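Colleague: Listed in order, the protein sequences are those of chains U and D. Counting the first sequence from 1 gives a position; the working numbering is that position plus 3. Counting the second sequence from 1 gives a position; the working numbering is that position plus 435.
Quick caveat, the hints were computed from the structure, so don't treat them as lab data. Source: prediction; values computed, not measured. Check before you lean on any hint, since a few could be wrong.
Which chain U residues stay away from chain D? Per the calculated CB distances, all over 12 Å, these [claimed, not checked]:
1. Pro-11
2. Lys-14
3. Tyr-67
4. Ser-72
5. Leu-78
Calculated lysine-lysine pairs in the DSSO-like style (CA-CA distance at most 27 Å, straight line) [said to hold, decoys possible]:
6. D:Lys-477 x D:Lys-548
7. D:Lys-477 x U:Lys-60
8. D:Lys-536 x D:Lys-506
9. D:Lys-493 x D:Lys-548
10. U:Lys-73 x U:Lys-56
11. D:Lys-450 x D:Lys-492
12. D:Lys-440 x D:Lys-503
13. D:Lys-450 x D:Lys-548
14. U:Lys-73 x D:Lys-477
15. D:Lys-536 x U:Lys-60
16. U:Lys-14 x D:Lys-477
17. D:Lys-536 x D:Lys-503
18. U:Lys-14 x U:Lys-60
19. U:Lys-73 x D:Lys-536
20. D:Lys-440 x D:Lys-536
21. D:Lys-440 x D:Lys-477
22. U:Lys-60 x D:Lys-440
23. D:Lys-503 x D:Lys-493
24. U:Lys-73 x U:Lys-60
25. D:Lys-536 x D:Lys-477
26. U:Lys-56 x D:Lys-536
Built from N, CA and C at the ideal position, the CB exists for glycine as well.
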Amino acid sequence: DAGITQSPRHKVTETGTPVTLRCHQTENHRYMYWYRQDPGHGLRLIHYSYGVKDTDKGEVSDGYSVSRSKTEDFLLTLESATSSQTSVYFCAVGWGFEAFFGQGTRLTVV
Amino acid sequence: QQQVKQSPQSLIVQKGGIPIINCAYENTAFDYFPWYQQFPGKGPALLIAIRPDVSEKKEGRFTISFNKSAKQFSLHIMDSQPGDSATYFCAASRPKAAGNKLTFGGGTRVLVKP
Chain U
4 DAGITQSPRH KVTETGTPVT LRCHQTENHR YMYWYRQDPG HGLRLIHYSY GVKDTDKGEV
64 SDGYSVSRSK TEDFLLTLES ATSSQTSVYF CAVGWGFEAF FGQGTRLTVV
Chain D
436 QQQVKQSPQS LIVQKGGIPI INCAYENTAF DYFPWYQQFP GKGPALLIAI RPDVSEKKEG
496 RFTISFNKSA KQFSLHIMDS QPGDSATYFC AASRPKAAGN KLTFGGGTRV LVKP
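Whole structure, please, built from the sequences with the hints as guidance.
Modeller: Right, here's the structure in full:
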């Protein structure tokens, strides 16, 4: 599992509330990624990081922000959760075509 | 806009059959084409990958066929087993571009019946 831990694994939250998901890695990977998985859409990149405090947007970044203050931790924040952000969120590390994914966080926004 | 299109969305085969999953892409800047396998409740895991200058690659019972001129590639699962039941994603990567980002297809749920 490339030493990736996502927390929480499951969360139910109310519309309009902020939510932070955490990804922790133990293998010192430079690149870290946040994806969301929705039926029929595969995995879509939200944000990624290429080093401490170095982040950039992916294809579905609206409504999300990220932070990386340490090599091992990459946080994803939903600033004001909406029902359209109900999804399974995956953190990944890796390089090129080889990515290692965490177990995922199932987020439900009610 | 989905840059990698995958079909079919789901597939049911009998044990020993050969499920075939197809993907198509537009961007010729992609330079690696991996396949990922995902079991329920788990994250995707790399299964096999191919470069566009290779027409076929085999790893065990999994084979990728690649047609560069048609911008299409496919995954064949030979002698499929119930344990192969999973969701499969094709993807394309651009290692030289910023972020080493992967672009995924929509996924195919494969069920292998005993």
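Colleague: Now tell me if each hint is right for this structure.
Modeller: Structure-based check of all given hints:
Interface exclusion of Pro-11 (chain U) from chain D stands, the closest Cβ pair being 15 Å apart, more than 12 Å. Distance check for Lys-14 (chain U) against chain D: the nearest CB is about 16 Å away, which clears 12 Å, and the non-interface claim stands. Its beta-carbon lying about 16 Å from the closest one in chain D, Tyr-67 (chain U) satisfies the requirement of being farther than 12 Å from that chain. Interface exclusion of Ser-72 (chain U) from chain D stands, the closest Cβ pair being 19 Å apart, more than 12 Å.
Under the 12 Å C-beta cut-off, the non-interface status given to Leu-78 (chain U) relative to chain D holds; the minimum distance is some 18 Å. For the hint pairing Lys-477 (chain D) with Lys-548 (chain D), the CA-to-CA distance comes to about 21 Å; that is within 27 Å, so the pair holds. Among the hinted pairs, Lys-477 (chain D) with Lys-60 (chain U) is consistent with the structure: their alpha-carbon atoms are about 25 Å apart, no more than 27 Å. For the suggested pair Lys-536 (chain D) and Lys-506 (chain D), the alpha carbons sit about 19 Å apart, so the restraint of at most 27 Å is met.
About 23 Å separates the Cα atoms of Lys-493 (chain D) and Lys-548 (chain D), which keeps this hinted pair within 27 Å; it holds. At most 27 Å may separate the alpha-carbon atoms for a hinted pair to count; Lys-73 (chain U) and Lys-56 (chain U) meet this at roughly 8 Å. As the CA atoms of Lys-450 (chain D) and Lys-492 (chain D) are separated by approximately 23 Å, the hinted pair is consistent with the 27 Å bound. Our distance criterion of 27 Å between C-alpha atoms is met by Lys-440 (chain D) and Lys-503 (chain D), whose separation comes to about 15 Å.
Proximity of Lys-450 (chain D) to Lys-548 (chain D) is assessed by CA-CA distance (about 6 Å); at most 27 Å being required, the pair is judged to hold. Our distance criterion of 27 Å between C-alpha atoms is met by Lys-73 (chain U) and Lys-477 (chain D), whose separation comes to about 26 Å. About 11 Å separates the Cα atoms of Lys-536 (chain D) and Lys-60 (chain U), which keeps this hinted pair within 27 Å; it holds. Pair hint Lys-14 (chain U) plus Lys-477 (chain D) holds up; C-alpha atoms about 17 Å apart against a cutoff of 27 Å.
Of the pairs offered as hints, the one joining Lys-536 (chain D) and Lys-503 (chain D) holds, with about 21 Å between alpha carbons and a cut-off of 27 Å not exceeded. At roughly 24 Å between alpha-carbon atoms, Lys-14 (chain U) and Lys-60 (chain U) fall within 27 Å of each other, so this suggested pair holds. Of the supplied pair hints, the one linking Lys-73 (chain U) and Lys-536 (chain D) holds, its CA atoms being roughly 21 Å apart against a limit of 27 Å. For the given pair, Lys-440 (chain D) sits about 17 Å from Lys-536 (chain D) by alpha-carbon distance, which is consistent with the 27 Å threshold.
For the hint linking Lys-440 (chain D) to Lys-477 (chain D), the alpha-carbon distance of about 23 Å falls within 27 Å, and the restraint holds. At most 27 Å may separate the alpha-carbon atoms for a hinted pair to count; Lys-60 (chain U) and Lys-440 (chain D) meet this at roughly 22 Å. A hinted pair counts as satisfied when its Cα atoms are at most 27 Å apart, and Lys-503 (chain D) with Lys-493 (chain D) qualifies at roughly 17 Å. Straight-line distance between C-alpha atoms of Lys-73 (chain U) and Lys-60 (chain U) comes to about 19 Å, which keeps the hinted pair within the 27 Å bound.
Restraint check: the Cα-Cα separation between Lys-536 (chain D) and Lys-477 (chain D) comes to about 21 Å, which is no more than 27 Å; the hinted pair holds. Pair hint Lys-56 (chain U) plus Lys-536 (chain D) holds up; C-alpha atoms about 18 Å apart against a cutoff of 27 Å.
Going through the hint list in order, the structure satisfies each hint without exception.
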